[in-house]
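Colleague: Residue strings, one per chain:
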Amino acid sequence: MTTSSTQFEEKEAIVIRFAGDSGDGMQTVGEQFTDSSAFAGNDLATLPDFPAEIRAPAGTLPGVSGFQLQFGSREVKTPGDAPDALVAMNPAALKVNLEELVPGGLLIVNTEAFKKSNLLKAGYESDPLEDESLSTNYKLVKINITELTKQALSESSMKPNQKARCKNFFALGFTYWVYDRPLDPTINFLNSKWGKRLPEVADANIKVLKAGYYFGETTELSQNRYQVSRADNAPGTYRKINGNDALVYGLISGVQSASKEMVFSGYPITPASSILEGLAAQKHFGIKTVQAEDEIAAIGVALGASFAGRLGICATSGPGMCLKSEFMGLSAITELPLVICDVQRGGPSTGLPTKTEQGDLLQSYFGRNSDLPIPIIAPTSPSDCFWVARECVRIALAYNTPVILLSELYLAIGSEPWCLPDLSTLPEIPSNVIQPGEEFKIYKRDPETLARKVAFPGMPGYEHRVGGLEKDESGGVSYDAANHENMTRIRAEKVQAIAKSLPPTEVNGASSGKLLVLGWGGTYGAITSAVNRLQAEGFSVSSVVLRHLNPLPLDLEDILSRFDKILIPELNLGQLRLLIQGHYLRETIGFNKVQGRPFTVSEMVEKIQELL
Amino acid sequence: MTTSSTQFEEKEAIVIRFAGDSGDGMQTVGEQFTDSSAFAGNDLATLPDFPAEIRAPAGTLPGVSGFQLQFGSREVKTPGDAPDALVAMNPAALKVNLEELVPGGLLIVNTEAFKKSNLLKAGYESDPLEDESLSTNYKLVKINITELTKQALSESSMKPNQKARCKNFFALGFTYWVYDRPLDPTINFLNSKWGKRLPEVADANIKVLKAGYYFGETTELSQNRYQVSRADNAPGTYRKINGNDALVYGLISGVQSASKEMVFSGYPITPASSILEGLAAQKHFGIKTVQAEDEIAAIGVALGASFAGRLGICATSGPGMCLKSEFMGLSAITELPLVICDVQRGGPSTGLPTKTEQGDLLQSYFGRNSDLPIPIIAPTSPSDCFWVARECVRIALAYNTPVILLSELYLAIGSEPWCLPDLSTLPEIPSNVIQPGEEFKIYKRDPETLARKVAFPGMPGYEHRVGGLEKDESGGVSYDAANHENMTRIRAEKVQAIAKSLPPTEVNGASSGKLLVLGWGGTYGAITSAVNRLQAEGFSVSSVVLRHLNPLPLDLEDILSRFDKILIPELNLGQLRLLIQGHYLRETIGFNKVQGRPFTVSEMVEKIQELL
Amino acid sequence: MSTETLESPQPLTKKDFVPPNEVRWCPGCGDYAILNSIQKTFPELGVPREKFVVVSGIGCSSRFPYYMQTYGFHTIHGRAPTLATGVKVANPDLSVWMITGDGDGLSIGGNHLLHVLRRNPNINILLFNNRVYGLTKGQYSPTSDVGMKTKSTPMGSIDHPVNPIQFAIGAEASFIARTVDTDPKHMVETFKAAHAHKGVSFVEILQNCVIYNKDVWEDVYGRDARAEQILYLADGQPLIYGKDKDKGIRLNNLDPEIVTLGESGASEGELLQHNPKEANSLYTTLLSQLVHPQFPTPVGVFRALERPVYEDSLQAQIDAAQESKGQGDLQTSLVGGGSWVVE
Amino acid sequence: MSTETLESPQPLTKKDFVPPNEVRWCPGCGDYAILNSIQKTFPELGVPREKFVVVSGIGCSSRFPYYMQTYGFHTIHGRAPTLATGVKVANPDLSVWMITGDGDGLSIGGNHLLHVLRRNPNINILLFNNRVYGLTKGQYSPTSDVGMKTKSTPMGSIDHPVNPIQFAIGAEASFIARTVDTDPKHMVETFKAAHAHKGVSFVEILQNCVIYNKDVWEDVYGRDARAEQILYLADGQPLIYGKDKDKGIRLNNLDPEIVTLGESGASEGELLQHNPKEANSLYTTLLSQLVHPQFPTPVGVFRALERPVYEDSLQAQIDAAQESKGQGDLQTSLVGGGSWVVE
Ligand SMILES: Cc1ncc(C[n+]2csc(CCOP(=O)(O)OP(=O)(O)O)c2C)c(N)n1
Ligand SMILES: Cc1ncc(C[n+]2csc(CCOP(=O)(O)OP(=O)(O)O)c2C)c(N)n1
Ligand code: SF4
Ligand code: SF4
Ligand SMILES: [Mg+2]
Ligand SMILES: [Mg+2]
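Protein chains in written order, with the numbering used here: chain A, 1 to 612; chain B, 1001 to 1612; chain C, 2001 to 2343; chain D, 3001 to 3343.
Here chain A stands alone, though its shape is the one from the complex (with noise of 0.2 Å):
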């Protein structure tokens, strides 16, 4: 785009964040935001922000939307805590976001939507725009969009209400010529989707986000701009990519590696849909996919899957691990390769389906009838979800046993850059199958890793029965006491071998000192990024966040023994933490936060130096 005379100041990082109604298409500008400062070599993290309803009444307080991101020239690792800027639609999403814009941050305002009916709808007995306050404390842009975005398609043949529908990359193009973002990556985007089927709604929209920019060139607004220059990335192709996402191509690049036909069985649930959505569209690839009844119905599909020599998958969230839980007893029983994603959800019951929450660590563990251990998995970005993804695949070949890949909202919808992995050099993943010569007894085992091997139908000679009854060794019913001891303790030994596979843990900082962070999963962001402040401030902090939770790491207990204390943040009530206590008789402090939301970088850094 031309230069602007503006002068630039230079920003490490940023944080804005888009609101406005279900219906106004936060989500899709805050995307095009992603992919343009992607695009302008930023690093980057996002936070989309939904209600659970599909449209709430236009105005209201819960129809709100939003989309967070952080675009920053140096490593960045989550959506950023408090937005520096905020683009409000309408007063109800002024309402609800206005209170975390960082004092002085810059607040864009559609006029047009701060109506009567609408300042009624959000609670507000006077136009707050008119409220002193608001120019004082912040660097406020009132800008009538609506009229701008009619005025920009006034030759457009296009609806009234049609046209109004472009008002959100209006205030995109704004945001572009403030933060000198790229519009082409958001020219291809729209011209690919409605360039073929719909080309004037295309052109409306483009014609709307330029408008946005040159709205910020030529008006008289006396408005700062700022630039983030490029982050200084690793050389390598990259790509823009959030946890389901990285998920999918994980669960394909792991069966692919395996040399297994996969079949996945899902039943739609937020935050999970978006994988059998997602592995849906992959059919080339010999997937098959099958939308099941219910998620009962989607593991027994992929366990009989499994049974028959494919790799079965499934993935669901919260309320739906309940409803797998009595197969999953019998995948563990019967030691069936499998892999069940769990995208955790605020909870408990249906909760708070589209907020995030780690509750689900000890369903994982302990949700169903008797001893039965089963590894579990947590990935701790939204890129790594392909990395577990593909480790979940191995161990579930390798000891044919089910494992739990246990991800979360946060992740599932955020979205990193990801540096992509030049996929003819990961190694093979093998099967653990029976091999033609080998005598087959069901349950004989590895001396090592204490896994069984697996023959499927079709095999001639090894024809055998697994079913939920304890058996004996050759795969007899059982009812026997010494037997039955043996079995149960072998099956939980076999879980713990895992922990042998695994690479040593990585330690963020010195390997001993005062206080150790112990995470696991999707608060890698929060708790690297503090730790890592704290420790350039000459702090004596480390932290750990554990991807391997069942087995846990086997050199954890000699670091958790090097620090003087452990802190363990939690999106729940101290999950982890009764596990480290229960295991390792350590005292541990616990920071939970149950908000439906990611911890903060400063709210982490805060608790650290209480502990200091």
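Please keep in mind that the hints were generated in silico from the structure rather than gathered at the bench.
Treat the hints with care, since some could be wrong.
Unchecked claim - Dumping the calculated SDA-like pairs for lysine to any residue here, alpha-carbon to alpha-carbon at most 20 Å:
#1 A/Lys565 with A/Gly582
#2 A/Lys565 with A/Phe539
#3 A/Lys607 with B/Ala1482
#4 A/Lys150 with A/Tyr214
#5 A/Lys150 with A/Pro160
#6 B/Lys1116 with B/Asp1127
#7 C/Lys2198 with D/Val3146
#8 A/Lys121 with C/Glu2022
#9 A/Lys95 with B/Asn1483
#10 C/Lys2014 with B/Pro1460
#11 A/Lys444 with A/Glu493
#12 C/Lys2198 with D/Pro3161
#13 B/Lys1163 with D/Pro3027
#14 B/Lys1121 with D/Val3018
#15 D/Lys3214 with B/Arg1165
#16 D/Lys3149 with C/Ala2320
#17 A/Lys193 with C/Lys2149
#18 C/Lys2137 with A/Thr28
#19 B/Lys1444 with B/Glu1493
#20 B/Lys1116 with D/Glu3022
#21 A/Lys260 with D/Asp3329
#22 A/Lys116 with C/Glu2022
#23 A/Lys121 with A/Asp131
#24 B/Lys1444 with B/Glu1473
#25 D/Lys3014 with D/Asn3036
#26 B/Lys1193 with D/Pro3154
#27 B/Lys1260 with C/Asp2329
#28 A/Lys565 with B/Gly1582
#29 A/Lys607 with B/Glu1485
#30 A/Lys142 with A/Tyr214
#31 D/Lys3137 with B/Thr1354
#32 D/Lys3214 with B/Gln1162
#33 A/Lys260 with D/Pro3092
#34 D/Lys3137 with B/Phe1050
Chain A is fixed; fit chains B, C and D with the ligands onto it per the hints.
Modeller: Chains B, C and D with the ligands in isolation, oriented as in the chain A frame:
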């Protein structure tokens, strides 16, 4: 009966086991021996042990059904360790049980059954009765029970195979002679069971019973006879009771004390089915029972009934608990009263459905998505099921919460004498319902108990909606961050607050010392017997057996701190142990048995001694 | 929810059933019209407001209880029939209405629906059929047609759909009806008939999801289609339809066939006569087979059979037990089987 | 399970399907006869032994896989249809047989049965109907009659029973049949027909539980009753039955009625002719309504319709996708939507 010439040897306690084919009526004669011993004033405890199949093939090892009881003149808290006497009706029964008979023990066999075909089925290569070691090591009494039964019935008009079916009563009669048991209770039983419908069956069995008795009297068998005097029981009216029956009566008593109607909904599953069946037979108490289509439906029906102002109750076992988990979440977030009985059986998965285990503690604690504690109470003996059922009703209604009653197969089908309470002296159980004139906010709480009040359909003016989405205090759906954190914490604190209503924990023995044995539920008998024995021998050991598992008693941490070592025996891989260590950071020693069988007193004694 | 209105207002009006909180469906969603019709129906049923209980599962449709100023329970996905059964069994005096969707009721909840229908408690079940999962953003449902492209079936659904009426027949439902979200009068009529029926009432409501399956029923009940495509069932009347009431359904052996009435066509006498009391499943099955586009779509009461009502039978057993054994005396029962006294 | 027999023996005999372990049903249980007939059927199907998979739920009947020397899976209660679907979808080449009971299949498992039937994978489903829960020791089941006294219903069941055939029609099953545990020849014939059908096959087997519901079918198939009470369905043949083949079923409007053939009676031409290919649900519904004691009990193949087979449709989509997009190349897909290069 006439007194025999033989001298009696006095014994403090005797353990006897009956074993035969599933179709041989071993459970019936076991129950009869129990009744007769109860009638004789002994204290006692029983352990039925039968296969998961209805009638496994005659003569095979998996088809063996057993029944053990201990009866004594001193307190009897377990069905005994190794039997002093074994009745083996066929070779398979001998094969399965002989190993456990005490050296020198009485071994009664039915010689007629030791035919080649039966020996083969049992895996004997030669007739063990001809093996001298048998008569060297045991007091072997060979009787052709089948033949003698036939002879006793020579004049009966019954068909030969009907006659043969009476042979269990011959064996029973003979044991009555050996142990000086009264015949009347059994004669009465036979008359009342068959007398009206099939008097010839009653007569035949009575005849055979007496024939067995007189066989002892008249043969030349140089058989010792034993006497076990009346136990020194407190005055009162006694009956024999098993755990599930006591549970049924406890639930009825509970709802009566609460002046509540009960709606019970169950789905058959071993060993919980007899709760549904027991309550279904009590329609004249105004109890409504619904056999639901599955366990999900069962808890749904119960929860609906509670919402409608009655008390909903359901009962199941491990696999059914899996299915109930999603509804448990809903019941806990809506804070409605509900009693969920889990009669644990051997797991995992379908496991060992007719064997005992304590495998579901952590499932009860954590088996649902997100943080959502539910109170858990475990009975410690068959008759304690009565009291625990009442306590569950109390807590459910006082705190408006689901409660898990965590029983065990061992208690459910085991029997003991029970000194009947005078029901008129039992306290009323208050319900926590909105009172006329009170302001109603769904989640307004009592500041002390943190419990909410309920209002139910039919009460005008209190119309309101509940559900699984997170709510604010007035019951509105709320995705607010602070509200969610607050509600999550308060739900947890509410369960913790129950601890304030519990009596001080009973310590069996000195309140401090070298070793505390900490157990829960059905291990009470074995732990207490062992600890009592060792205390008598002067060892510094005490025991606590928990009934309240969630919340744990407030004084528990303090009690633990007063002992040098803590031993936690459990019929699982260490579930309470993890909780104790996790909560109190107190090192403990696990004693774990997962064999589908209860602890024996002697293994408990041995383990304790090892630690002293 | 103040304590002042301890008596429910009489006579009730629609407004009494409107709660203060906002309705959160998408603008234009067919659910609004259904809500409206229910709020119109309830005051006319002669039931005090506090005796209404609205129970639902999970889905857009299942948010319904939050929008009714009655007792209500938004339960979990697919399980509403169980909870509704519990409510009704516990207190038969209540008027229990269960709301479900095509996903909630026929996918995850199919088994409970089957069993509540066969048990026949006096519950009114309304299934909002929009042939899609709304709340989870547009996957196909068990009533979606083969070939339907959705997020989870980008190449088209391959599952043979469930016909809800046929399913209800398979479940031996005693009352089966269908209505449409565009016809408030017909909805109110149908809901009243459901209420009047003693036993379980199953009502399929053709509902429009404007976001994920817009106009799925347009060819059936759209302004232009309606007159020719909807067959209004009326007790005792022949199966006649069409703008000019000139078409009808006749039986040809076991096959329904469309005939044109009048001069050169068929006579009214040849047509099937609607009889919702017909106990034989064949007739209701025939109606269920009248499927767009080959046939007009019947709406109204398909079947209304008298059958023992579950909660009544349960109460009758209690009464009988108390009659024969007296009201239970627990102390006596405890002694029951056999006891002994230690002095 | 030695490694010597890596090739499955050809030709197979019944013995090849008998595993070494013991059968643990009660002596006299009807399940033995069914097992026997399956073991007789399998060798005759031309399928190598290693390609048979027997999947079951939980119940006495569901112990079946343990007694078949094939691949087998004894799953959990009610869920066998899901697992069987997974097996078949994963490897369409296998011959999948699913065993269930009236409790396993129609109580806890009703929903999965509904959905497997409508999806139409090529699986053979055998439902052992003994009208009771055997394994849990004798509670009533969804097929038990109203009034049946069991441990859980001491005053008699109050649940209107499910008619398995009617249920299967409601689920749009493409193949529906019934056979009896006392007629090995008919069983083998029926199982072969189920195997021959492409798509899901639903077979109800009337089975005798000698312990908890002894002789429940005696009036239908007992030695004395059989000849007068069983109606053997034969493709293209009229619905005739009776010892002397002198009774038949005729349609009277929509009601089936029994007529006596011959002289003063009806003529064969008036009778309904059996046509399992009849796509209209009315005919199959009519057969489902022939219920003892009013009517003879039909056995044989009620319906056999050609419909797209689930796993075939799924494979077809994969083939189509690969045809149009080529076999997936993941590295390319990763770059896909948009990427940038840092040098
Ligand atoms: C156990 C469980 N699984 C899945 C979901 C996600 N879910 C919510 S609503 C729904 C489908 C709703 O479809 P339908 O019943 O047709 O209702 P509609 O939204 O179309 O009215 C699903 C799959 C859930 N809430 N709980
Ligand atoms: C989740 C679960 N619930 C309950 C049971 C107990 N159960 C085992 S078999 C059975 C019923 C079996 O009835 P049916 O299917 O008719 O088989 P049958 O024994 O009569 O052959 C029940 C309720 C179980 N195993 N699992
Ligand atoms: S998504 Fe569809 S069904 Fe749901 S509220 Fe919106 S329009 Fe209605
Ligand atoms: S209980 Fe009945 S169904 Fe089960 S094995 Fe015995 S006879 Fe057969
Ligand atoms: Mg829908
Ligand atoms: Mg059965």
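Colleague: Which of the stated hints cannot be reconciled with the structure, identified by number in ascending sequence?
Modeller: Hints that this structure does not satisfy do not exist here, as all of them hold.
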